Every structure is written in C-alpha cells, then in structure tokens.
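Chains R and D supply the protein sequences, listed in that same order. FYI, this note's numbering numbers position 95 of the first sequence as 95, with every residue one higher than the one before it. FYI, this note's numbering numbers position 8 of the second sequence as 8, with every residue one higher than the one before it.
Bear in mind the hints are in silico, worked out from the structure with no lab data behind them. A quick note: this is a predicted structure, and the numbers were derived from the prediction, not measured. Hints should not be assumed to be uniformly reliable.
Quick look at which bits of chain R chain D covers, simulated, 3 or more residues with Cβ under 8 angstroms [unchecked claim]:
no. : segment
1   : 19–27
2   : 73–86
3   : 120–128
Even for Gly, the Cβ is constructed at its ideal location relative to N, Cα and C.
Protein chains: 2
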Amino acid sequence: MDEADLEATYRAYLEVLNDRRFDELTAYVHDDITYNDEPITRSQYQRNRADEVDTIPDLAFQIGTLVVQGNHVACRLWFECTPVRAFLGFEPTGATISFAEHVFYEFDGGRIKQVRSLLDRAAVASQLAQPR
Amino acid sequence: MDEADLEATYRAYLEVLNDRRFDELTAYVHDDITYNDEPITRSQYQRNRADEVDTIPDLAFQIGTLVVQGNHVACRLWFECTPVRAFLGFEPTGATISFAEHVFYEFDGGRIKQVRSLLDRAAVASQLAQPR
Chain R
1 MDEADLEATY RAYLEVLNDR RFDELTAYVH DDITYNDEPI TRSQYQRNRA DEVDTIPDLA
61 FQIGTLVVQG NHVACRLWFE CTPVRAFLGF EPTGATISFA EHVFYEFDGG RIKQVRSLLD
121 RAAVASQLAQ PR
Chain D
1 MDEADLEATY RAYLEVLNDR RFDELTAYVH DDITYNDEPI TRSQYQRNRA DEVDTIPDLA
61 FQIGTLVVQG NHVACRLWFE CTPVRAFLGF EPTGATISFA EHVFYEFDGG RIKQVRSLLD
121 RAAVASQLAQ PR
C-alpha cells in the first residue's frame, strides 16, 4: 500500500468513526493492537469508541495536519464537541469545548497495529468543570 | 527540499539542541514562528530552549517515531531526564523521569515556521512532586 492509499484508508477510517459504523472497524484495525503501549483487542477498541460517543454524542474527528510516510500516519486531530458525561475526569458544563489530539499510528497490511496518542488534557480541563 | 533532505535537516536540528549549540538555531528556525499558535521570535525560542536546559540539565531529544511528508515533520520524541527545578509546575524529586512529546512542525524553505506540540503532562505529573 503506497502513501496515497494509506492516506485514503486513514481518511475512510475517520469517516467510519464519524458515522458510528463501529462494526466496520474490522477492516481498519487488527484483532490485537497496542494503544499507548497497552495491548487491547479490537473488540475493546470498538467498545471504547462507542463509550466515547456516549460521553460526547457530537464527537467528530477533524483532520488538522496529516503526515503519512511508509506504514506511519501522524495526525493532529481537532475536536469541537459537547461532553454530556464526565470526560477525562472533568464534569460537563453544557458548553462546547475544543482541543487537539496528536496521534501516531503504525499500520500493517493496511490496518492499524499500534496507536500512540496524546490529548491536550490541559485544554480540556480549562474548559470543563473540576471533578465533584 | 525533498523528504530525505528534510529528515536530515530535522535530525541535525535535534543534534543542535542536544549539543546546546543554540546560536546555530538560526539555520533551522525562521526569525518569526508560531508555537502552539502563539507568535514568537527565534530569539525567544532560543531563550526558551536555554531555560529548559537550566531546568533539566541532562535534557536529550530522542526520536521515537519520525514521519516526514512534504513540508511537514511529525515526531514522537522520548525523554529520560532529571529536572532540577520546577518543570510544568511540578517540583523535582531528584529522580529521573520519562515522558513523550508529540510534535508537528511545518517547514518553509528548510527552516521551521510552525510548531504544534503536546507533551504527556500526566506522565510528568505522576513522576514529580505536587506543587508546594
């Protein structure tokens, strides 16, 4: 898979997430992956994505900067969304918040094998309420 | 500048930082850049790097994952270092800590024009002492 194909695959993966078609993640994510160096199954990954949407019903993955080389995708994602449950331990206020995520993916055979993500927790904390 | 040259330039930039040759940053950083969307001058950028080394004398930039495409460099940096002053608001303990930074650079004419960085603040917080 060349870089143009990998970029197209990654963009399609984000559309699957944005459309809540979590069953289709089979085509984009290996059975067993590592997420921030922790091994998890794709089933758990699917549950985590579904749980995120319960917490943030209007969650949408927007590409800020996308960098693709070899089997690697690096993306600065941008979120403008409205949590309705506690998110990262902070309580919702009803307000829409915005924050970045910087994530590195390693693909293998066109599917995600490894994810390493950092999210702007300080930005989230400053826009939500402190834990009760 | 092709991707191999950009990668070589970026690696040379990290060596300049690791060798504390901050005067040479002129060759790698534009006069005026944005850092996490804030405009700063190269002089300020150089002072910030020098201040970091005052806080963390053994600071060393290690490449974890490097992704280069077009004018963009994305890097997962890995640090194992020993703060001797307050770092991100947390007090040093004398212990060596480790943490990641996920950073996206935009180059223009072979020099850095924009930096967007997220650092694993939770990892840093868990390894240093709470603010006094």
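Hint-by-hint comparison with the structure:
no. : hint    : in the structure
1   : 19–27   : violated (count 0)
2   : 73–86   : holds (count 3)
3   : 120–128 : holds (count 3)
When each numbered hint is compared with the structure, a violation occurs for hint 1 only.
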